[in-house]
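Engineer: Please take these sequences and the hints and turn them into a complete structure.
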Amino acid sequence: MLEIINLKASINKRDILNGLNLKINPGEVHAIMGPNGSGKSTLANILSGKNGYKITGDLKYKGENLKDIPVEQRAQKGIFLAFQYPIEIPGVNTNNFLKTSLNTIRKAKGEKEIDTLAFLKLVKEKAKELGIDEKILSRQLNVGFSGGEKKKNEILQMKILDPNLVILDETDSGLDIDALKTIADGVNSSRSKDKSFLVITHYQRLLDYIKPDFVHVLSSGKIVKSGSRELALELEKKGYKKIN
Amino acid sequence: MIENFKISLKEIDKINLINQEDKNYRIKNLEFFNKKGFPTKKEEDWKFSDLREIFSKNFKKIDINDTYPEENKFRLIKEFDHNYILLINGRLIRSDFKFEDKNKIKITGYKEENFLREKSNNPLICLNNALSNEGYNLVVEKDYKFEKVLVIYNLFNEDLSEKILNNKNKIIVKKNSELHTIEYTINRSKNKFFNNTYENIILYENAKFKNICIQAGRSEGYFHKFLNGSIKSDSKYSSFIFSSGLKFNKQDIKIDLEGKNSDCEIKSALFLNKEDHQEIKTVVNHLVPNCKSFQKIKSVLDSNAKGVYQGKIFVKDIAQKTNAYQLSKALLISENSEFDSKPELEIYADDVKCSHGSTSGNVDENSIHYLMTRGLTKKEATQLLINGFLKEIISDIKSETIKKFVENKLEFQVYGY
Ligand SMILES: Nc1ncnc2c1ncn2[C@@H]1O[C@H](COP(=O)(O)OP(=O)(O)O)[C@@H](O)[C@H]1O
Ligand SMILES: [Mg+2]
Chain Y
1 MLEIINLKAS INKRDILNGL NLKINPGEVH AIMGPNGSGK STLANILSGK NGYKITGDLK
61 YKGENLKDIP VEQRAQKGIF LAFQYPIEIP GVNTNNFLKT SLNTIRKAKG EKEIDTLAFL
121 KLVKEKAKEL GIDEKILSRQ LNVGFSGGEK KKNEILQMKI LDPNLVILDE TDSGLDIDAL
181 KTIADGVNSS RSKDKSFLVI THYQRLLDYI KPDFVHVLSS GKIVKSGSRE LALELEKKGY
241 KKIN
Chain G
1001 MIENFKISLK EIDKINLINQ EDKNYRIKNL EFFNKKGFPT KKEEDWKFSD LREIFSKNFK
1061 KIDINDTYPE ENKFRLIKEF DHNYILLING RLIRSDFKFE DKNKIKITGY KEENFLREKS
1121 NNPLICLNNA LSNEGYNLVV EKDYKFEKVL VIYNLFNEDL SEKILNNKNK IIVKKNSELH
1181 TIEYTINRSK NKFFNNTYEN IILYENAKFK NICIQAGRSE GYFHKFLNGS IKSDSKYSSF
1241 IFSSGLKFNK QDIKIDLEGK NSDCEIKSAL FLNKEDHQEI KTVVNHLVPN CKSFQKIKSV
1301 LDSNAKGVYQ GKIFVKDIAQ KTNAYQLSKA LLISENSEFD SKPELEIYAD DVKCSHGSTS
1361 GNVDENSIHY LMTRGLTKKE ATQLLINGFL KEIISDIKSE TIKKFVENKL EFQVYGY
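Chain order of the listed sequences is Y and G.
Using this note's numbering, the first residue of the first sequence is number 1, and each one after it goes up by one.
Using this note's numbering, the first residue of the second sequence is number 1001, and each one after it goes up by one.
No wet-lab data here; the hints were simulated from the structure.
Source: prediction; values computed, not measured.
Virtual Cβ for every residue (Gly too), placed ideally from N, Cα, C.
Don't take every hint at face value.
Claimed, not checked - Derived DEER-like restraints, expressed as beta-carbon distance ranges:
1. G:Thr1067 to Y:Lys107: 43 to 51 Å
2. Y:Gly131 to G:Lys1378: 32 to 40 Å
3. Y:Pro26 to G:Gly1357: 51 to 59 Å
4. Y:Gly57 to G:Leu1345: 16 to 24 Å
5. Y:Ser220 to G:Gly1217: 54 to 62 Å
6. Y:Asp115 to G:Asp1096: 33 to 41 Å
7. Y:Asp162 to G:Ser1399: 54 to 62 Å
Structural biologist: What follows is the structure in structure tokens.
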């Protein structure tokens, strides 16, 4: 699904990633853990196609060179990033945005556009699963949403767009335990053999609910250790410093 | 070239005059205009819109318009019930007030005696004073609230190449009455013309008047309108300006809040594109205590467009408890676009709440990226943001059907379909 080979990245002359390697097969759930500032969001941003980074190394998605694929086409080809800090967009109705987004992706896949009625039914169902108050969906995108509502809205988008590679950037931070469980349920019910997940988190708490197949430790822009779920527990006990 | 653009006094003879005094007044005004010419940026009020330069670049000559065709194949707006009046090249052609009590409404064409012979230093007002002989007069008698909106179809016909049209309109809403209008400009001229309008609005005690100004589509028209508003006590004037799509437009708005508790609201959402140039200039005079004024101007500027907002709030010494607010926000999409804003406060009372602000900036790259990660192209994302930026103003329209109508027009401007 995704293969990252010796990825180095810098921004504003600052080196952030220093030779990162990662391979994710279809159906796998990988977790990346790391202290603040270790480059987690940078990795997520680069995968999403954000510009401004100077990049060397190879990035492959479903065999294609990711660097050649423009941002919107990455989304259309099934890459989804749940942002650490979802952006507030005044004046843009959340439901309209979701529908526009879904339809551009459907069109790109050669599928028929969804009509308003079918769309509203779909949103209603998914919002209910995630315990999202439907009222917020007729409000402006993320504007005045609580921290939890913003994160849930990201997962709602994931559910509706039905991507193949999902990157969750600290979707758990700032959530209470109930919201965390709801989000984890949302992710777990989407797991399948042709979907992969890259779960970025600062705390192992999330991994009690989303059980990863692999755990990687990111430090100073590199993966310094990889292992199974137990690695997360070890990290929790010892802290990041000892792992280094 | 129209650098030394002069209009022959003979043009005045063509107007059916009422008396010699009127004629003399017109001659004086025309002489003043001929002396001054079209205003240039050297004049403070035209600092950001050098009309002489704009005209000399775009017009080879300008003739006085004298054609007013009858219109038979005319399509009304279907989206909502409305009364209407039809203007062609500024002339009142017909009216239909089928939803109203006709005894309460007076509509006539241009009448010389309806306007005072005021002196002005504004060359365009003088030009208008000298030559206007078309327009409409609308009176809403007292204690009458319009049932439905009144659409003013402002139609310009095909053969207006390099013509100038001068019109004068007057709207009076009497005591305890209410009027809601939509000034809907339809332009069929493929060629450039210049429409110069003077409008006088008088709201008597406890009257309400709301106007929405909008275009049917893009146009080659150059527009200037001077609006002179007089608002008596407990009355409210609201104006929504959505005049996107014009080559040039300057709305020069002067509102006198003359009666206690009067209220004035000016809101605008503009999408300017392809060398469009629009200016909104306002002077709100708080002349008595306890009045309120609110102005919010939002502009999006794309390729080579220019937007200007000059907003002045004047508060007279006796106008205590004034509440005045003014905000201008501009979003610049293209590097070649420009927005100029000049707020001006002149306050002589001490118990006053007055605030103003002005921002202009580019589209937020992070917002664009966020939308693109959801599959939208850069263009689609930008359009969504532009639309979102302007929508705030439209959302203040109360009627759902009219809001939808305005929204569609705006989306047409932004998305081009
Ligand atoms: N635009 C930028 N310019 C300079 N430094 C940046 C920029 N963006 C991020 N950084 C730096 O890169 C490092 C990694 O950031 P980030 O990827 O956000 O870390 P994490 O998500 O792991 O907390 C941090 O030290 C941060 O300050
Ligand atoms: Mg981060």
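Engineer: When you take the CB atoms of Asp115 of chain Y and Asp1096 of chain G, is the distance between them in 33 to 41 Å?
Structural biologist: holds, 38 Å
Engineer: For the hint 54 to 62 Å, verify it against the beta carbon of Asp162 of chain Y and that of Ser1399 of chain G.
Structural biologist: violated, 39 Å
Engineer: Quick check on a hinted range of 43 to 51 Å for Thr1067 of chain G and Lys107 of chain Y, using CB atoms only.
Structural biologist: holds, 49 Å
Engineer: Do the Cβ positions of Gly57 of chain Y and Leu1345 of chain G conform to the proposed distance bound of 16 to 24 Å?
Structural biologist: violated, 57 Å
Engineer: Given a hinted range of 51 to 59 Å, is it respected by the beta-carbon distance of Pro26 of chain Y and Gly1357 of chain G?
Structural biologist: holds, 53 Å
Engineer: Could you check the hint for me, namely that Gly131 of chain Y and Lys1378 of chain G are 32 to 40 Å apart, CB to CB?
Structural biologist: Cβ of Gly131 of chain Y to Cβ of Lys1378 of chain G: about 34 Å, so the range 32 to 40 Å holds.
Engineer: If you check the beta carbons of Ser220 of chain Y and Gly1217 of chain G, does the distance land in 54 to 62 Å?
Structural biologist: holds, 58 Å
When held up to the earlier numbered hints, the structure conflicts with 4, 7 and fits the remainder.
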